[in-house]
Amino acid sequence: MNRISEYLEITDRKTGKRDVCCSKCGYILGPLSKGIYSGAVTRNMIPNEISPVYTKTDQTLFRLYYCPGCATQLKVEPIVKEAPRPPQLPEIEL
Amino acid sequence: MRENKATDPFTYEIVSHKLWQITEEMALAMKNVSGSPIVTEANDFNVAISLSDGQLSTMGAHNALVAGVIPLLIRNILEDYGSGDEICKGDMFVINDPHKGALHQLDLAVVAPVHYQNELVAWTSVIAHEVDIGGMQHGSPSPKATEIFQEGLRIPALKLVEKGKFQWDIFRMILSNVRQAGLVGLDIKARVATNSVGQARLYDLLSRFGRKVTLSVMQGVIDRSEKKFRERLLELPESHVGAIDYIDHDGHTNKIYKIVLKMTKESDSLSFDYSGTDDQAPGHINCTISGLITGVMGAVFPYICYDIPWNQGVMKAISIHAPEGSLVNCKPPAPTGWASIAGMFAVRNAAIQAVCKLLGSSREHWRQAGGVWEGGKAAPVIMGINQYGERSAYLYQSSGGAGAMAYKDGYDCSFSISSTKPSIPNIETAETFAPALFLFNRFRKDSGGSGKYRGGAALEFAFVRYGSTDVSVGGSGHGAVIPASQGIFGGYPGGFILRSIKRQTNIDAILVAGKIPQSIEEIDGNVEVLSAKFPPTSLDSDAVFYNSYSGGGGYGDPLDRDPQSVLQDVINDIVSPEAARSIYGVVLRRGSVDLSGTETLRKTIRNDRLGV
Ligand SMILES: [Zn+2]
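In the order they appear, the protein sequences are chains H and F.
Per numbering that gives the first Met the number 0, residue 0 is the first one in the first sequence, and the count goes up by one each step.
Per numbering that gives the first Met the number 0, residue 0 is the first one in the second sequence, and the count goes up by one each step.
For reference, chain H alone in the conformation it holds in the complex:
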C-alpha cells in the first residue's frame, strides 16, 4: 500500500483501481483521481469558536475534513470567505 499522508493511503482492493483509504479504519473515501479529500465529511467553523487564540474576525473560516468511517480529522484548511481555493489546485496528485 502506498502512503498519502498520516491517515490516508492508496488501495486497489475494492475497485481494482486506485482508491483513497483511511489507514485507521479502512474506510474507502473514493477514487484517488477525484482528489484525496473528495470523500471526506466537511464542516466550516468560526476560528474564534474553536479557541480564543484565533482572534475574532468575519473574514475567515476553518474548513475541517473528517474520515466518514472513524471521524479522524484529516485536514484543517483556513478559508478566506471572499476568495475560495482555486478549484484547479491539487492537494496532492500521486
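Treat the hints as calculated values from the structure; they're not laboratory data.
Do not rely on the hints blindly, as some may be mistaken.
Claimed, not checked - Derived pair list, reagent style SDA-like, types lysine to any residue, alpha-carbon separation capped at 25 Å:
1. LYS23(H) x LYS257(F)
2. LYS407(F) x VAL79(H)
3. LYS23(H) x ASN525(F)
4. LYS257(F) x ARG84(H)
5. LYS257(F) x LEU63(H)
6. LYS55(H) x ASN525(F)
7. LYS602(F) x MET44(H)
8. LYS257(F) x ASP57(H)
9. LYS23(H) x GLN563(F)
10. LYS257(F) x ILE49(H)
11. LYS55(H) x LYS602(F)
12. LYS254(F) x ASP11(H)
13. LYS80(H) x SER274(F)
14. LYS158(F) x LEU71(F)
15. LYS254(F) x GLU8(H)
16. LYS23(H) x SER361(F)
17. LYS257(F) x GLN58(H)
18. LYS257(F) x LYS16(H)
19. LYS55(H) x GLY38(H)
20. LYS602(F) x ILE49(H)
21. LYS13(H) x SER537(F)
22. LYS16(H) x LEU235(F)
Place chain F with the ligand on chain H using the hints.
Quick look at chain F with the ligand alone, frame taken from chain H:
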C-alpha cells in the same frame, strides 16, 4: 554534474572544513564589531563564500533566508561591472537594491572579490539587517508607503572599498541618508572587517593548498550537495502538490492576499510555480525575485536538506517561476519594505506546506513532515526619543513556535527554521536600547497549533514606556485574521498574531504595590486591538503595549494526542484546561487524566464531527 577528482578525500575534508571555519570566523568578526542587537543578539545576518561566477559554495551557520540571495547579488555585480578589469583586488561592493539581488533595503550587503595571482577566483559576502536605511519612517519600512522610493536609500553595487582604500565619500553619503548613523556606520565597518577576515583567510587557503585544489573543493562541495539532493528527490514520490498561504493587510487596507503554489516533483528535480498568486500590492508586503528564490530555499534547505550542505548545488536542481508583477515577483515601483517577513515569508510558508505534503506521502521520509514553523513575524518597532535623549528606533525581534513534526512536538519559542543559530534579544538588552520596561515575556497559552503533536508555543510580552515621554510603537506582521502557520494532516494552525494597546490602565498602581503582572488580563484598561499593520502609535504613561507572535502549526488529529502529554502541557501553562477538554477531548480530574472520561468525551467529539 562532474565528479570531483582533483583532490584526495583527506585533502577534500580538510579544505572543505577550512571553508566552514572561515565562515565561522567571518561571523565572529561581524558580531564582535557590530554594535547592533539585530546582529549581536538576534543573529539576523549571514556570511558566505562563493566561486568567481557567483555560485554559493559555503554558507555560514546563521540566517539562510538572508544568504539565499547571494548568487543574485554577485550576478548583478558581474553584470554591472563586467568580469574584467573593473573588479579589482582589494575592492568591496556595498549593495541593498531589491531589484539587484537584495531582499529589502534594510538588508545591506557588502560583497568582496577574492583575487589570487591577479585573477578573480572567489567572493566573500556578509548581509545583515540594519536598524535604519532612511525613508519615510524611522526604521525605514512604513505601512503607508506606496513606492519603493519611500522605503530608504536604494544602493546598486557601489565600491565601498576600492583597491584596498575605504571610500569615505560613499560611506558619508550613506550615513547622510540614514537615522542612527552611529550604529549604521559601525555596522558597515563591521561588514568590511568581516570581508577582510574572509579575504585574508581564503587567500591563506589558496596559498597553502594551491589554486587548483582550493577551487576544486569549493566546486566539489557544490557538486556533492547537488548529487545528494538529486538522490533524495529520486526517493520521493512523483507528484504535483498544491499549497496556499495568505498575507492579511497590505498597510493600507485589511485585504487578504493569497500566495498560490503548485509544486511538481519529477525524477531528480523539483519545480515551484507561483502562478495564481495575487498581483503586487500597493503596500510594503511584496517581494522581488530575490525573495521568491530565497523563500523557496528557506523551505527546501531545512526540510529536505537537513543533512546536506546548503549551497548552490541544491539550487541547481530546483526551478522557480512566478509571474512578473505578482506579489512574489513584483515590478518597481512596488514597495518591498517588509518583503523579509511578508512576501518572502509567504513564499516560504507555501513551500513548507507543499514540501511537507510531499515528505508525508513518502514511506521513507514521512518523519520529516511537519506543520509550518513560525509563519508570521510580529516584531514591534519602538521609536521616538530614547532614554538617552536621542531619536531612535528599536526592532524587538521575539519568537513564534516551531511546526510540530510527524514524531514530536514543535519547539516552543523556536525562532525561524531557516536560522541555524536561532536567538532572540535578551529583555535586558532590549531595555538598554529602547525606552521600554517589559512587564512579562512568556509562552502564550494555546498558541501552539493543536494536534497529535503540538506546534510550538509563541512568545507574548508586554511593556510600558520608560525613561522618555515621547515613545511610539509601530508594527508590520501578518496572521492576525488568518493563520500564518498552518497545521498539517488534521493539525490546527498556530494561534494568530495579536497586538493591542491597553489605555488608561492601572499599571502604575500595580507596580507601586510591588506586583509584576504575569498576563495582560491582570491589567485593567481599555483595549485597542491593532491590525496586522499599524503605523507608529504613541504610548501614554499609563498605556501598556501587548504583542504575541504566531505559534507553530500542529501535526495530526488532536484526539490522537497522548492524554498524558496534554496534562503536562496544562501543568506547564502551555495549554488551557478549556482547550484540553474541547480540542483534545481530555478530561482532567485533580491533577491527573480521567481515562474513562477522556474516552467517552473523545467518542462524543467524534460523533459530533460526523453529525451522529
Ligand atoms: Zn477512518
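We went through each hint and held it up to the structure:
1. LYS23(H) x LYS257(F): Violated: LYS23(H) and LYS257(F) sit about 33 Å apart, past 25 Å.
2. LYS407(F) x VAL79(H): 30 Å, violated
3. LYS23(H) x ASN525(F): Violated, because 49 Å separates the two Cα atoms, which is more than 25 Å.
4. LYS257(F) x ARG84(H): 9 Å, holds
5. LYS257(F) x LEU63(H): 20 Å, holds
6. LYS55(H) x ASN525(F): 17 Å, holds
7. LYS602(F) x MET44(H): Roughly 20 Å between the alpha carbons, so the hint for LYS602(F) and MET44(H) holds.
8. LYS257(F) x ASP57(H): 17 Å, holds
9. LYS23(H) x GLN563(F): OK: LYS23(H) and GLN563(F) at ~22 Å, within 25 Å.
10. LYS257(F) x ILE49(H): 23 Å, holds
11. LYS55(H) x LYS602(F): Not OK: LYS55(H) and LYS602(F) at ~28 Å, beyond 25 Å, violated.
12. LYS254(F) x ASP11(H): Status violated; Cα separation ~45 Å.
13. LYS80(H) x SER274(F): 21 Å, holds
14. LYS158(F) x LEU71(F): Holds, because 17 Å separates the two Cα atoms, which is no more than 25 Å.
15. LYS254(F) x GLU8(H): 38 Å, violated
16. LYS23(H) x SER361(F): 18 Å, holds
17. LYS257(F) x GLN58(H): Answer holds: LYS257(F) to GLN58(H) is near 13 Å, not above 25 Å.
18. LYS257(F) x LYS16(H): 35 Å, violated
19. LYS55(H) x GLY38(H): Measuring from Cα to Cα gives roughly 30 Å; hence the hint is violated.
20. LYS602(F) x ILE49(H): 18 Å, holds
21. LYS13(H) x SER537(F): Violated: LYS13(H) and SER537(F) sit about 66 Å apart, past 25 Å.
22. LYS16(H) x LEU235(F): Holds, at roughly 22 Å.
Violation of the numbered hints given earlier is confined to hints 1, 2, 3, 11, 12, 15, 18, 19, 21; the remaining hints are satisfied by the structure.
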